[in-house]
Structures are given as C-alpha cells and as structure tokens.
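Participant: Line order of the protein sequences matches chains A and B.
Read in order, the letters of the first sequence are residues 1 to 177 in my numbering.
Read in order, the letters of the second sequence are residues 178 to 403 in my numbering.
DSS-like cross-link-like pairs, simulated, lysine-lysine; straight-line CA separation at most 25 Å: (1) B:Lys-352 x B:Lys-376; (2) B:Lys-376 x B:Lys-232; (3) B:Lys-232 x A:Lys-61; (4) A:Lys-172 x A:Lys-161; (5) B:Lys-352 x B:Lys-337; (6) B:Lys-236 x A:Lys-61.
Keep in mind the hints are simulated off the structure, nothing from the lab.
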Amino acid sequence: MSARPEETELVRLARGGDRSAFETLYRRNAGRIYGLCLRLTGRTAEAEDMTQEAFIRAWQKLDSFEGRSLFSSWLHRLAVNVVLNDRRGRPTPDEVEPIGDRDPIAAGNTSTGARSDVGDLEAAIARLPEAARHVFVLHEVYGYTHGEIGEIAGIAEGTSKAHLHRARSLLKEALRS
Amino acid sequence: MTCDEARELFDHPAARPHLEACAACRDEAADVRALSSAAAALPESIEPPTDLWRKIDAKLESRVVRLPAAVRAPARRFRLAAAAAAVIAIAGAAYVAIVIGVPGRTETAVPSPAVIGIPETVPAGRAVPSPAAIPTLGGADIAFIEARQQLRAALYERRKSFSPETVRTVDRNLKLIEGAIEEIRTAVARDPGNRELQKMLIATRQREVALLQHVTQTADLRTRTR
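Turn these sequences into a full structure, and let the hints steer you where they fit.
Facilitator: Right under this line is the structure:
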C-alpha cells in the first residue's frame, strides 16, 4: 500500500526539518496514538508520556520510513514498540492501579461521548494485568496477529494466545459483575 | 477434544464438533465473539486531554543544521577554518542555552584542552546567536560531525607534510578523543537530562575539532613558508 500523496509530501518536508509539516502529521495522528497508548498503559499520565515519546522517536526515525506503508501505520507500530519497550525491564505490577471516574478512558469519554458499555469495557481493559492487556488491546482492538505481537513483545505466539485467553476470561468476569 | 482445549480454539474448525455437542462451550464461544466484536468496535481515537504538541516540539532536535555561508566559501583554507569556527560557535551556543540558559551572553565557556595540549581556538567576545537561532544539542552534534569530516579529509591530504611520529601522535590522540566521545554519548543516551554529561560531550567534541583545526592550519602554514 502506498501513502497518500499529501501525506508523502508532509513526510518529505518533515524529513527536511520542517516542523510545521510534522505538526500537521501530529495533529492528524495524535488521537489514534494517544488512544493506543492509553489502552496499552491504562494510565493517562503514562499515555501522554508515551505519545510524546512516540512522536519524538518518529521525528528521529523519519529517514527510515520508506513509504511502503501508510505513515499512520508505521507510526502506530512505532508507538506500540515505544510502549512495550518502556515496560520491558520494569517491575510489572500484576494489577494496574484502579483508575478513577475522572479518567477519560474509565468514564467512557472517548470519541463516542457518554458513559456506556463502551466505557465499561474500556475501564475493564484498563484493569487487566499488563501482559494480558497488551495482547488483548493489540489483537482485539487493533487487529494485530499473534505472530506480530510475539515479534514486537518478544514472546512466543503461544504465550500471546495464552494472554488473550486470560484477558477474555477476566473481562467477561469483570463485565458480568 | 476437552472443553478447555475447545475454549482456546473457538474459531478453529477443529473445535466445531465439540461446540456442536457442548452447550456450555457454545455459550462461552458466543460470549467471546461478542467481546471481540465490542473490542473491535471501540473508537480508534481518543483525544489527549491536553495538547501535547508544545511539549513534543520542545524536545525535537534539529534535523538539518546548515553551516553559515562562510563555510561554503571558495577558498578551501578559509572554508575549513570557518567550518571549525562555526561548529564551535554552534556548540558554544548550545552550551550556553543548555547549561547557562542566558541568551545574549557574549562569552562562551570553552574548557581548556589541556589533555592533548591543543591551543584554544575560540575567540573571546564572540556574539552568541539569538535564542531562536540556537540549535539543540542534537543540531550541534550534526554540525560537529560535518565539520569533523571536512577537517579529517583535509588532514588526510596534508599527512605528508608531517613526520611519521607526528602523524602517529595525532592519530593516537584523535582515537583517544573518539573513545571519550563514544563513552560520553552512551552515558548521555542513558541519562539524557544530565547537563554535566551534555557539557562534557560538547567540550570533548570541541577538543577534537580544535585538534583537527590546529593540525591542518599548521600544515598549511608549513606549505606556505616552504
């Protein structure tokens, strides 16, 4: 798949050091990247940090973007790497801290608006154990295959499947209660 | 196939006979499919609560740092000297911006290159560029690399004007400086907020450029006086 001509031009300009072109790319992709980071981390502050880091990394690595995929797809994958690499080597709490109602993801304050089943599901995902949350979000929300998840997260495909199975069980339980 | 095995393979054709025969697993499969559909239907975008662009923009390093026009002047001798001076100016400005944080100062702190006995080459009282023109540390990094390449190429051309012993000494010192730069860069990568390390990196790069500049200028002087 090739990138849209306008996007290609923005990337070309940004590569040459044009920050306003890069800002346009940021404005177009910020919601997608923040949404991804928020779902992967389950925490607003961390999601903001990871979003910033993903765009900074994208700026640094623009030369390696070959234009064979959409810039947005390349950026998405880069953001996944940023979050997962950040978590690697850190102590992983089995459960994330409960997030309050004021947190946009828990309150269902997504693009769809009011608190709803969507909000309940988002909040339940945010409370999953980290590895299960990562796999569930990448596989079920963003359509990554177990092979891709295994490659990015540095785990076996079977491990990814096991995390998904666990995530589904925990979510069903959480949404029933 | 057991219920546990079937529940891990809901969508696999191999699980179909078991699902047809087991009501509990059929219900479970329906729940999983409903959950998957709900997850896939979640909105892809969630707007950040605050605009993050300013923070991002502040952290972006300059991708391209153009050396001043003087660097591209026709006379090679002056071009090299200007390249080194420009690099030192850029690094000095970055140093002021990062370490001192006082725009408009007219002196830059240049460490003494005592380790290898290189003469100081930075003129005192040089005006510091305006804050808008001050590149980040990354920009200075790029400028250093460009100038170093030019100076190294110039040095290579002039090697024959020195004795083998001098060439060996220069090479040994350059290697030492390169090793130090790599070590400091690794430390900066591990601790990007450490200003002392940033300062040390700039100072060490200055030493390398100063050594290269000194040696090439000496070679030029010898050629002219012969």
